[in-house]
Each structure stands twice: as structure tokens, then as C-alpha cells.
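Participant: Okay, here's what each chain looks like letter by letter:
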Amino acid sequence: DAGVTQSPTHLIKTRGQQVTLRCSPKSGHDTVSWYQQALGQGPQFIFQYYEEEERQRGNFPDRFSGHQFPNYSSELNVNALLLGDSALYLCASSLQAGGPFVETQYFGPGTRLLVL
Amino acid sequence: AQSVSQHNHHVILSEAASLELGCNYSYGGTVNLFWYVQYPGQHLQLLLKYFSGDPLVKGIKGFEAEFIKSKFSFNLRKPSVQWSDTAEYFCAVNARSGNTGKLIFGQGTTLQVKP
Chain A
1 DAGVTQSPTH LIKTRGQQVT LRCSPKSGHD TVSWYQQALG QGPQFIFQYY EEEERQRGNF
61 PDRFSGHQFP NYSSELNVNA LLLGDSALYL CASSLQAGGP FVETQYFGPG TRLLVL
Chain B
1 AQSVSQHNHH VILSEAASLE LGCNYSYGGT VNLFWYVQYP GQHLQLLLKY FSGDPLVKGI
61 KGFEAEFIKS KFSFNLRKPS VQWSDTAEYF CAVNARSGNT GKLIFGQGTT LQVKP
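For the protein sequence lines, the chains are A and B, in the order given. Per the working numbering, the first sequence starts with residue 1, numbered consecutively. Per the working numbering, the second sequence starts with residue 1, numbered consecutively.
Here chain B stands alone, though its shape is the one from the complex (with noise of 0.2 Å):
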């Protein structure tokens, strides 16, 4: 069965500090890759997606992803993160294989950036 793995739960950083989330996947086959984060009192909201071609993608607000296919993962950075960074945030894997729709959720970061 797919799964997503974040490994960090909670992450604390200072402003200016730099970012970097994992998330690992579990799927043989050709997936498609998302970042999504949910500011506090707000809904989820895209920050980037992979479909293919360069495995390094640029989301919003300054943020970024690598895929590593050999490695399965897909993690987030941020070269200097802002209070207003503050949030959870998640990463979503759905097969492209099936005709799928469904997106597979990790647990979710908790980012928590102190002024």
C-alpha cells in the first residue's frame, strides 16, 4: 500500500533559519508530488507540485522542493523562513497509475518560527 512518511512532527526555528522538511514515499511506480500548507485559521493551500521534468520545483513565498527518485522523497526548503511561515504543513502523493485521483496524505510538520 502507498504511504507518505514526514519525519518531523514539530520543527522550531528561529526567523532567518533555514528550512528543510522530509518526506518519503512508498510506491513503486511514477507518482505525482505536492506541498500543500495550512496557515493558521486557514485551508489548505497549494505550495508546490511536481508532475515531471526538473526534479527541482519552485512553490510560493519563496519556497522550493527536490524529487529524488532513487531516494523516494520530496522535501521542502526555504533558504530563510518568517514568522508568517508558521504553519503545517503537508506532503501528498497520488499514483499515475489508475487514472487516480487519490491523494495520500502524510501527518503533517508543524512549523513553528519564533520573531
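Only chain A is shown next, with the shape it has when bound in the complex (with noise of 0.2 Å):
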């Protein structure tokens, strides 16, 4: 049974690039959800997509955005980086089968990216 998988794995970018992480859900999942982890602090939610639309959002500018396919699998798409968007961006996997009030959410490995 695979877990999340994520794409790629480290990324180096520069101030303004744009750059574009992937992930494939845990097999049997529908949902799709993205997370910010800065050094030393716990993840930040950035969005949530299900049925391929964003369904929940976090407090992160519009230069974050994503998308998800007709398989389940998302992007997470930054604009214009910052050096402060340098982090570890986890995406996690749910099935909302179940109801909405017993998600659980399981994580891939992380892309970790540095904006220099």
C-alpha cells in the first residue's frame, strides 16, 4: 500500500522564480492537503482540495496556489518566491468517506526548498 508521495524531494530556487511541488495521495484517498514547516515550528496550513476544488483555505497569499487532478494527485504552485518561502512543504492525504469529523490526515516526506 503506498503512502503520500511527494516530487521532488529538495528544489533551489531563486527571489521571483516560480516553482511547482507535486504530490499523489495515499492510495484510496480523496483529499489533498498542503502545509508550510518553517525551522523549528509546526506546519501551517496553507489549502485543503477536494473534488478537485479548493475547499479550505489558510492564511497564505494568493501567490500560493494549487490544483487537483481527476486522479486524486495535487500541485502546490508559488509565485514571485521570497526568501521567506524557503521550508519544508508537506502534503497530507485524507478520505472524507468517512464524514467530515473523522479525517485523519497522513503525510508525505515533505520537498524542502530554499529560495535564495
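Warning: the hint list may mix true and false statements.
Said to hold, decoys possible - A partial selection of chain B residues facing chain A, derived with a Cβ cut-off under 8 Å:
1. Lys-49
2. Arg-96
3. Gly-101
4. Lys-102
5. Leu-103
6. Phe-105
7. Gly-106
8. Gln-107
9. Gly-108
Honestly, the hints are just simulated from the structure, not real lab data. Here a beta-carbon is modelled for each residue, glycine too, at the ideal position from N, C-alpha and C.
Fit chain to chain and form the complex, with the hints in mind.
Facilitator: Listed below in C-alpha cells is the structure:
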């Protein structure tokens, strides 16, 4: 049973560039959430995708956008990169079928982004 | 705004010592509660979760947590730690109202177990 996978594992970009991170959910899951984890901090919620739509969004600027594909995989796009965007980006998948009140999120290994 | 507070940022214990990591949240409504663990070089893994029912929940590797609603707390415990428990531990909460899947995490507690 494949878990949540993310690519790439590491990425180096310069300020102003754009980046796309990818996530494949755990087998059988239909919902993908994205988090940003700065060094020494807990993960912070960026947004969640379900049925190819953004279902909920955290306190992140519009430079952060996403997409979910029919196969439930997802992309996170960040435009106009800032130094402060350097972080570990985590993808988590879950299943909505059990109902919104019993959702459990399972995390991937993350993509470490360094912005120079 | 909802928040999660983990009081201990860095805990050092000897093997066989008992562990208790504190977690408090601020939210007036009903919540789901989680503890995740991140072992060195590995990704975040679910340790245990509470949705409803018995406030004492048991997780993997001998961990347990108790939900005390009146104290807005969900402390993690283990009676006897092992060197392999060295990891970072995160408490997380999500509100059951508003159909939200947003997890709010605490800052994390680094546990170092000395052999």
C-alpha cells in the first residue's frame, strides 16, 4: 500500500522565480492538504483540495495556488518566490467518505525548498 | 483564533523514565485531537487520535493520551521511554464545525532519550 509521495525531495530557487511541487495521495484517499513547515516550527495549513476544488484556505497570500487532478493527485504552485518561502512543504492525504468529523490526515516526506 | 500550545520545547530523559508531554488548545467548540511524531530523517507519522468517546486513547508504540475537556488539554504519556522514542512530537487540533479539514499544529517538542 503506497503512502503519500511528493516530488521533488529538494529544490533550490532564486527570488522571484516560480515553483511547482507535486503530491500523490495514499491509495484510496480523495483529499489533499498542503502545509508549510518552517525550521523549528509546526506545520501551517496552506489549503485543502477535494473534488478538484479548493475547499479551505489558510492565511497564505494569493502567490500560493494549487490544483487537484481527477486522479486525486495535487500540485502546489508558488509565484514570485521570497526568501521567507524557504521551508519544508508537506502534503497530507485523507478520505472524506467517512465524514468530515473523522478525517485523519497522513503526511508525505515533504519537499524542502530553499530560496536564495 | 484557534491555537495549540506545547509547553515543553525540549525534553531530555533517560531510558525507562516516564514521559508526559503537555498540549493545550484554545477553541470553544468540539475538536478532533491528534499527536504526530517525526523520527529523525522520517516523515510525520500519526501516533494517536481522539474523535469522541473514551477520553483515554491508546496509540502505537505504547503511547497514550488523555483528553480533558475542562482543561482544553490532550497530554501525551508513555510509562517507560526507549532510546528509539527520540523524535519530535507534534500535537494538532481541528475544529469539528464548519466542515474543516484544517489541522492546527503546536510548535513541537523535541524528545531526546539517553541510552
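Participant: Could you run down the list of hints and mark each one as holding or not?
Facilitator: Here is what the structure says about each hint:
no.: 1; hint: Lys-49; verdict: 6 Å, holds
no.: 2; hint: Arg-96; verdict: 5 Å, holds
no.: 3; hint: Gly-101; verdict: 5 Å, holds
no.: 4; hint: Lys-102; verdict: 5 Å, holds
no.: 5; hint: Leu-103; verdict: 6 Å, holds
no.: 6; hint: Phe-105; verdict: 3 Å, holds
no.: 7; hint: Gly-106; verdict: 5 Å, holds
no.: 8; hint: Gln-107; verdict: 5 Å, holds
no.: 9; hint: Gly-108; verdict: 5 Å, holds
The structure meets every hint from the earlier list without exception.
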